[in-house]
Every structure is written in structure tokens, then in C-alpha cells.
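Novice: Sequence:
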Amino acid sequence: MPAHIFSATVHGIDARIITVETDITHGLHCFTIVGLPDKSVDESKDRINAALKNSGFAYPKKTNQKIVVNLAPADIKKEGAAYDLPIALSYLCASDQLQCNASGTLAVGELALDGTVRPIRGALTIVAHAKQKGFSTVILPAHNAPEAALISGITLVPVATIAECIAYLTEGTIPKIAHVRPPAPVHEHDDAYDFSHIKGQEHAKRALAIAAAGGHNVLLSGPPGSGKTMLAKALVSILPDMTEEEAIETTKVYSVAGALGEENAVIMRRPFRSPHHSASDVALIGGGKHAQLGEITLAHNGILFLDEFPEFQRNVIEALRQPLEEKTITISRAHGTFTYPARIILIATKNPCPCGYYRSAQRECTCSMHSVIAYQKKISGPIADRIDIHVDVPPVTHKELSGKTGESESARVRENVAAARHIQMERFSHDTISLNADMSPRHITAYCPLDPASLAVLKAAMDKLRFSARVYHKIIKLARTIADLEGSSAILSHHIAEALQYQQRDQDRI
1 MPAHIFSATV
11 HGIDARIITV
21 ETDITHGLHC
31 FTIVGLPDKS
41 VDESKDRINA
51 ALKNSGFAYP
61 KKTNQKIVVN
71 LAPADIKKEG
81 AAYDLPIALS
91 YLCASDQLQC
101 NASGTLAVGE
111 LALDGTVRPI
121 RGALTIVAHA
131 KQKGFSTVIL
141 PAHNAPEAAL
151 ISGITLVPVA
161 TIAECIAYLT
171 EGTIPKIAHV
181 RPPAPVHEHD
191 DAYDFSHIKG
201 QEHAKRALAI
211 AAAGGHNVLL
221 SGPPGSGKTM
231 LAKALVSILP
241 DMTEEEAIET
251 TKVYSVAGAL
261 GEENAVIMRR
271 PFRSPHHSAS
281 DVALIGGGKH
291 AQLGEITLAH
301 NGILFLDEFP
311 EFQRNVIEAL
321 RQPLEEKTIT
331 ISRAHGTFTY
341 PARIILIATK
351 NPCPCGYYRS
361 AQRECTCSMH
371 SVIAYQKKIS
381 GPIADRIDIH
391 VDVPPVTHKE
401 LSGKTGESES
411 ARVRENVAAA
421 RHIQMERFSH
431 DTISLNADMS
441 PRHITAYCPL
451 DPASLAVLKA
461 AMDKLRFSAR
471 VYHKIIKLAR
481 TIADLEGSSA
491 ILSHHIAEAL
501 QYQQRDQDRI
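Take 1 as the starting number for the sequence shown in the UniProt record's numbering and just add one per residue.
Simulated from the structure, these hints should not be mistaken for lab results. It should be emphasised that the depicted structure is a prediction, and the values quoted were computed from it without experimental measurement. Ideal Cβ positions, reconstructed from N, Cα and C, are used throughout, including at glycine. Fair warning: there could be bad hints in the mix.
[Claimed, not checked] Restraint ranges, calculated between C-beta atoms of paired labels, are given here: (1) 470 / 328: 13 to 21 Å; (2) 96 / 339: 19 to 27 Å; (3) 429 / 32: 52 to 60 Å; (4) 487 / 72: 50 to 58 Å; (5) 339 / 460: 19 to 27 Å; (6) 411 / 113: 47 to 55 Å; (7) 280 / 460: 55 to 63 Å; (8) 412 / 371: 39 to 47 Å; (9) 225 / 441: 36 to 44 Å; (10) 318 / 112: 39 to 47 Å; (11) 203 / 418: 17 to 25 Å.
Please put together the full structure from these sequences, using the hints given.
Specialist: Here it is, written out as C-alpha cells:
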């Protein structure tokens, strides 16, 4: 009778349950794995043979044994080495070397030749899915225990060797390493870049506070040396701590990407990703043969910083359209369609022209008008419309540079940002969104009523500047965030007026 062991595979950043079935019959010797396995799964036969032999168990010898392992369902492509452990357990059960009831247990893990259980990608995702599907226990590599401990309500059995796994299944012995607790929340913040370290630029700091409070995207424009990069790096210092749900989401992403290490087994700080401007669209958005995660997904619940934004390839910039609008990125491949999260704050920087000194009082611009126009057109209208806040960052004066550095200004701003986000959490408690930047027209109608004075200011701006419908809604969402920062339940005319200051006007400056 075939033996059954449950396992799982990672599909995108989700998981799917896989049933490992092993049947042993008399006949010409063969060890076959079916169920759409890839090369790494097929190679597991040799790893399993060596691991069982070196752990003291009888392994599939070249005798009159026909061994068939089926990974069901057969329509899902099986990739990776995470099936080694469940296949080995299934074989031991089928060959009567192991008697156990594993109906509520799921097992994953790669085997080394000496029987050691090696870590896998996506352990947190698999454990979360196992709990959702009603499994009571998950056997997994000991190295993956810290990340998996984020999921409560399910028994974890982290094992370092296949012998420890057998001991648990036969005797109920749980290795001591199983008593792993998830790390406590991180409340201290890295002060390498604090708002107090940035001299001047009060207008830009205010814009970043609004961006942090409402989750809005930002484009900083100014000459070289004006502080754009430092402002961008300081943005993370005013973001509130991640919630438990956000920490789990972010750790899932890094677990699937294989980016977790021993020191950062759980992601507790908001990500800050800064790809080089030579990055390809696959590196930024994700994709490739195996639909790998891109920088925009690795920045989920954090910041994606694109320095020298116009220097990115045009197709890379345009690929941001969907994720900036929908907060997800969908990648279609022959073997499936994958949707990855991309709830980020985009902060991009640019110079006003190739040399950086167009209309600068510091230095004469060496660019022709044609090159200035071409440079500014590298950021298309649809992309500019998806960036909520456009800020000019002028050079810092000597008086500002010689000023004293005070106490941590970021801590004070962070408190205001946290208060504004708390207002939004209460506002959207019955919705699927949590930040003002994510509001749809339906949400704007429900949560952003405008008084006659505010409507008049907005109408005058629309008539004069001819903003698109997307920009119209963007202005209202910005005004809603500004009102939240002030603790105002109503959007007033001065909130609309301030939101209008952050709209793109490059075409007026050329």
C-alpha cells in the first residue's frame, strides 16, 4: 500500500500543499519520481540514498525493487530540493522502516549526504499555509525555525538531521531548538541619517513627513550636492515601526527570495532598497525564467529609492506604472501567473538637466536647451502622474550649513507620522486599505468631502494648470494626509493649497 507524507511548494509568495506518495513493488529495479519534477527534484534520489545510508537506515538498493514516488497534484511544477525530507520519510514508511501517523503533519527540508537537514526558501510561507489548511505540525529545518516562529497556533518541529525527524515521529521527541521564540519588536531606530543632520531644506522635510504619513511617492529635484540623497535616506528614520502583520508579510518576501540570514532571520525594520540606475527591468520589477522577485517587492512595506531617476532605462521606468498604481506586480510565465506585493513608498531623485545646473545660481549650465528638454522628458507624463509629491531641493546656503545640529528631529516627526497613521487605521478599519495614498475614487468620495472654499481653490488650480483626473484625486489624497498630520477631521482650503505646491510644473520652468 502506498505511503503518504504531506509537503508543500512555494508558488510566488504563497504555498500549495503537495502529497508525496511512495509505492514499492517487486520488479526490475528503478527509482522513479513522477508528478512534473524538475532536475533538482529528480536529483534528490541520490541525495536520499546517501542520507539514509549514512543515517543507519536501509536505502533503495539495486535489487528487485520498483520504487515510484508521486508528487501530487501532477499539474504543478515541482522545483527545488525541499522535497528531499518528505520523500525520504515516505520511502521509510513504504519500506516498513517507519511506523507513524503523520496525517496532520507536513514536512519540508533538503537533505545533505550525511543526513543533515539543510534550510529551504519560503519556510514562513509554507508554515502559514499549513496552518491555514488545518495542519497541526510542521517538520522543517532547524535553520528556518526563527522565521517560522512568527506563526502561532501550530507546532513546529525544527530538525537538524533526519535522525531527529525519525525520533520525533516514533517517540514524540521534539528537539530543544524547537522552543524558539519570535524576536521582540524593534523600537530603536538607526540614527545614521536623522532629520537634524540635514541643514536647511525645511520644505523638503515637510514633504517627506507628508509622504511618510500617507504612503505617498516623492520625486526630489535639484542640483548636485543639495542634499537629495541624504533626505531620501533619512525618510526611513521617520517611518513608524512595522506592525506584526507587516513584519510577517515582509519576512515572507525575504524568505521566498532566500535573502534571510542567521542575523536577520526575521525582518523587523522597514526595508530600504536602492538599486543602481543600470538595473534591468527584471531586476527592478521581477521576472525571468523562474519569475524571481524584484527590488520593488523586496521593498514591500518600506522604501524603494531610485537615485538619478532619469538615468534608468526608459523601459525600466515605464515598468513602474502597474505597481505604483495597484501596489502589486503581476508576472506571467508559461508555468503560471504570479502576483507579488509592492506596497512601497517610492522616493526618486533627479537633476534638472544632464549637467545638473540648469537655472542654478551656483554654476553655469553647459547643456543645450534640446538636451534639457530631452532629459526632463525621460520621466513620462503617466509616471509623473503616479508620483504624488514633486519637490525642488535648492542648494543649501552657508548660513544654514553653519547652523548647529540639534537633538533628534526625526523622533519628533515620527511621532506625528505615527499619530496620522493611527487616524488612517481607524478610518479604514472596515476597508482593505490602510493609507491615504491607496484610496480609490470611492474612498475619496466617502472620506474626503470638501467645503466650498476648498472646492474653489481646487477648481481654480484645475482650470489654470489643467491637471489630469489622476492628479485631481492625488491632490485630494495629499490634502487628506496633511489634514491628518494636523489632527483635522475636515479638509480645509489651506490643506488643498499646500497639496497643490507639490505638483509637477517642469513644463512651466523650461
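Novice: If a hint holds in the structure, say so; if it does not, say that too.
Specialist: Hint by hint, here is what the structure shows:
Distance hint check: the CB atoms of residue 470 and residue 328 are about 18 Å apart, consistent with the given range 13 to 21 Å. About 44 Å separates the C-beta atoms of residue 96 and residue 339, a value inconsistent with the hinted range of 19 to 27 Å. Roughly 54 Å separates the CB atoms of residue 429 and residue 32, a value that falls within the hinted 52 to 60 Å. With their beta carbons about 57 Å apart, residue 487 and residue 72 fall inside the hinted range of 50 to 58 Å.
With their beta carbons about 41 Å apart, residue 339 and residue 460 fall outside the hinted range of 19 to 27 Å. Between residue 411 and residue 113 the beta carbons are some 52 Å apart, a value that agrees with the proposed interval 47 to 55 Å. Distance hint check: the CB atoms of residue 280 and residue 460 are about 44 Å apart, inconsistent with the given range 55 to 63 Å. Between residue 412 and residue 371 the C-beta distance comes to about 42 Å, which sits within the given range of 39 to 47 Å.
A hinted range of 36 to 44 Å for the beta carbons of residue 225 and residue 441 is consistent with their spacing of about 41 Å. At about 45 Å, the beta-carbon gap between residue 318 and residue 112 stays in the expected band of 39 to 47 Å. Checked against the hint of 17 to 25 Å, the C-beta distance between residue 203 and residue 418 comes to roughly 22 Å, which is consistent with it.
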